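Undergrad: Let's have the full structure, built from the sequences with the hints guiding it.
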Amino acid sequence: MNITPNLNYKYFYFSHKNSLEMLTFTRTLMAVVSLAMVAWKGAMAVPNGFDSEDLTSDQSYETAYETSDDYFYDATPILNITLHHNDETLAFFKHVGASLETEMREGKECVLQRQAEPKTINISTCTPQDIPEKIDHRLEFEDLTIMVMSTHSEKSLYVIQDSKLSLLGKLFKAFGVLNARHLTLKQIGGAVSDRHNMLSAPPTILNIKSLRIHDVNILGINWLVAATELHTNKLVLELEDFPGATNLNFLAKLTHSATLLELRLINMPSLAKLDCALLHQGGIKNKLVLRRLSPSFKLTPKDSTAILEKKWQEIECDLGVWAAMPQPPNSNFAIDRLVLNSASEQIALLKQEGKEAAPTPNTVAHLVINFTEDHYLLTTPTLHLIFGWVGTCLTALKTISINSVELDKATQTYLAEQSLRFKTLPLLSKLTIEEHAYTLNNKPSTVGNISEEIWDGKRITRSTPV
Numbered sequence: 001m002n003i004t005p006n007l008n009y010k011y012f013y014f015s016h017k018n019s020l021e022m023l024t025f026t027r028t029l030m031a032v033v034s035l036a037m038v039a040w041k042g043a044m045a046v047p048n049g050f051d052s053e054d055l056t057s058d059q060s061y062e063t064a065y066e067t068s069d070d071y072f073y074d075a076t077p078i079l080n081i082t083l084h085h086n087d088e089t090l091a092f093f094k095h096v097g098a099s100l101e102t103e104m105r106e107g108k109e110c111v112l113q114r115q116a117e118p119k120t121i122n123i124s125t126c127t128p129q130d131i132p133e134k135i136d137h138r139l140e141f142e143d144l145t146i147m148v149m150s151t152h153s154e155k156s157l158y159v160i161q162d163s164k165l166s167l168l169g170k171l172f173k174a175f176g177v178l179n180a181r182h183l184t185l186k187q188i189g190g191a192v193s194d195r196h197n198m199l200s201a202p203p204t205i206l207n208i209k210s211l212r213i214h215d216v217n218i219l220g221i222n223w224l225v226a227a228t229e230l231h232t233n234k235l236v237l238e239l240e241d242f243p244g245a246t247n248l249n250f251l252a253k254l255t256h257s258a259t260l261l262e263l264r265l266i267n268m269p270s271l272a273k274l275d276c277a278l279l280h281q282g283g284i285k286n287k288l289v290l291r292r293l294s295p296s297f298k299l300t301p302k303d304s305t306a307i308l309e310k311k312w313q314e315i316e317c318d319l320g321v322w323a324a325m326p327q328p329p330n331s332n333f334a335i336d337r338l339v340l341n342s343a344s345e346q347i348a349l350l351k352q353e354g355k356e357a358a359p360t361p362n363t364v365a366h367l368v369i370n371f372t373e374d375h376y377l378l379t380t381p382t383l384h385l386i387f388g389w390v391g392t393c394l395t396a397l398k399t400i401s402i403n404s405v406e407l408d409k410a411t412q413t414y415l416a417e418q419s420l421r422f423k424t425l426p427l428l429s430k431l432t433i434e435e436h437a438y439t440l441n442n443k444p445s446t447v448g449n450i451s452e453e454i455w456d457g458k459r460i461t462r463s464t465p466v
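The numbering of the sequence shown is our numbering, which starts it at 1 and goes up by one.
Don't take every hint at face value.
Claimed, not checked - Simulated crosslink set (DMTMM-like; lysine to aspartate or glutamate; CA at most 20 angstroms straight-line):
| id | residue 1 | residue 2 |
| --- | --- | --- |
| 1 | Lys108 | Glu133 |
| 2 | Lys164 | Glu109 |
| 3 | Lys409 | Glu435 |
| 4 | Lys173 | Glu88 |
| 5 | Lys164 | Glu140 |
| 6 | Lys253 | Asp275 |
| 7 | Lys108 | Glu88 |
| 8 | Lys209 | Glu229 |
| 9 | Lys298 | Glu309 |
| 10 | Lys209 | Glu240 |
| 11 | Lys287 | Glu229 |
| 12 | Lys287 | Glu240 |
| 13 | Lys287 | Glu316 |
| 14 | Lys253 | Glu240 |
If you are wondering where the hints come from, they were derived from the structure by calculation, not from laboratory data.
Just so it is clear, the structure is predicted and the values come from calculations on it, not from any experiment.
TA: Okay, here's the thing in structure tokens:
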């Protein structure tokens with residue numbers, strides 16, 4: 001193998017045309033560099049993060065688990081290897097308005113292996129002749145979007161013409177191996193027959209860390225499962241605008257049973273329950289986002305048990321879904337950030353009279369409450385209702401943020417004139433309403449003639465310290 005490297009750390013030149021040999025050399029070189037970096041990091045005793053199972057009792061949860069950002073941004077040096085013999089690839093990406101990043105080296109225009117800028121490929125602008133037979137499999141995209149312009153049917157299913165789905169199949173075949181940190185697929189649907197057309201071709205290998213699928217129907221998911229093969233053991237998965245999904249039975253095939261660092265389900269109005277095998281088996285690690293699902297959406301007892309048996313970086317759901325959760329069965333449950341939506345319609349569900357307290361005492365660090373309507377009028381009684389709930393149920397809170405509200409005059413005056421002390425929330429350090437931070441004083445004052453408002457979990461009373 002004839003390899004002539006330039007001694008610049010960022011660029012390597014290959015005079016041999018055998019791409020398989022070049023790929024082997026590249027991977028070997030990067031593996032050596034990665035091992036060296038691991039050894040260096042070990043010597044410096046700087047951990048790269050770890051999974052939530054590794055959490056010990058004396059560690060802060062906010063810094064203990066392996067976050068998704070840790071996963072996306074490792075310390076491996078970027079080796080931008082220039083690629084030759086790429087006229088067709090260059091022309092294709094230029095045609096779809098996603099020109100590849102290049103650099104002139106020794107009088108030649110060379111494509112950088114690591115493509116840092118976001119790229120979007122819109123299949124609707126292509127003909128079969130526009131798509132090359134082969135796209136260099138060494139290309140690595142930071143953020144790649146592949147979309148197909150669709151028509152919106154009366155049944156709210158996303159459908160594309162057979163010819164466009166065939167183009168998508170040809171594009172996947174041209175990639176062979178698609179390397180990207182973030183891959184977004186938009187408007188993928190079609191007929192079952194098109195799915196079978198892909199079965200004769202080897203599946204495209206997706207070497208990715210984050211997969212976002214927007215504007216899709218179940219036929220498109222089935223086609224995608226047949227046309228691709230996921231090569232990763234950890235994945236962030238987002239499904240958005242999936243109106244026909246009534247269950248999540250397809251997840252295991254779609255992800256090839258990879259561990260999901262995050263699962264985000266957004267705007268799936270037919271999904272009334274999770275009933276998710278990956279969740280039940282502990283296959284979702286850090287974040288679970290449930291946004292704009294069916295109005296009748298509820299967590300099954302099995303779903304609730306799976307959620308309450310582990311530690312989370314973030315959970316986002318409707319306020320009503322969370323208020324209906326049972327008490328956690330053990331002390332392993334904790335959430336760093338809890339985001340509750342649809343508060344405008346569901347705030348009354350926080351009332352505790354005549355029923356047991358909602359779950360999670362001593363387990364949530366940061367609470368965000370989002371009211372659905374912009375400028376929802378937040379009155380003092382509603383504020384007291386929120387304080388009553390958190391003071392009873394979320395006693396380890398460090399911050400509270402309330403968004404999309406407008407304060408009436410009485411509440412504005414009340415908050416402006418008082419220094420609030422939350423007797424049942426000793427760790428609370430920040431209360432933010434519409435990005436305005438309000439004064440908190442959780443240490444009893446020793447100065448005479450200063451009045452404070454003390455919240456004991458049931459009511460606010462005035463206290464005059466001695």
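Undergrad: If a hint holds in the structure, say so; if it does not, say that too.
TA: Here is what the structure says about each hint:
no.	hint	result
1	Lys108 - Glu133	violated (23 angstroms)
2	Lys164 - Glu109	violated (32 angstroms)
3	Lys409 - Glu435	holds (18 angstroms)
4	Lys173 - Glu88	holds (15 angstroms)
5	Lys164 - Glu140	violated (25 angstroms)
6	Lys253 - Asp275	holds (16 angstroms)
7	Lys108 - Glu88	holds (16 angstroms)
8	Lys209 - Glu229	holds (13 angstroms)
9	Lys298 - Glu309	holds (18 angstroms)
10	Lys209 - Glu240	holds (17 angstroms)
11	Lys287 - Glu229	violated (24 angstroms)
12	Lys287 - Glu240	holds (16 angstroms)
13	Lys287 - Glu316	holds (8 angstroms)
14	Lys253 - Glu240	holds (18 angstroms)
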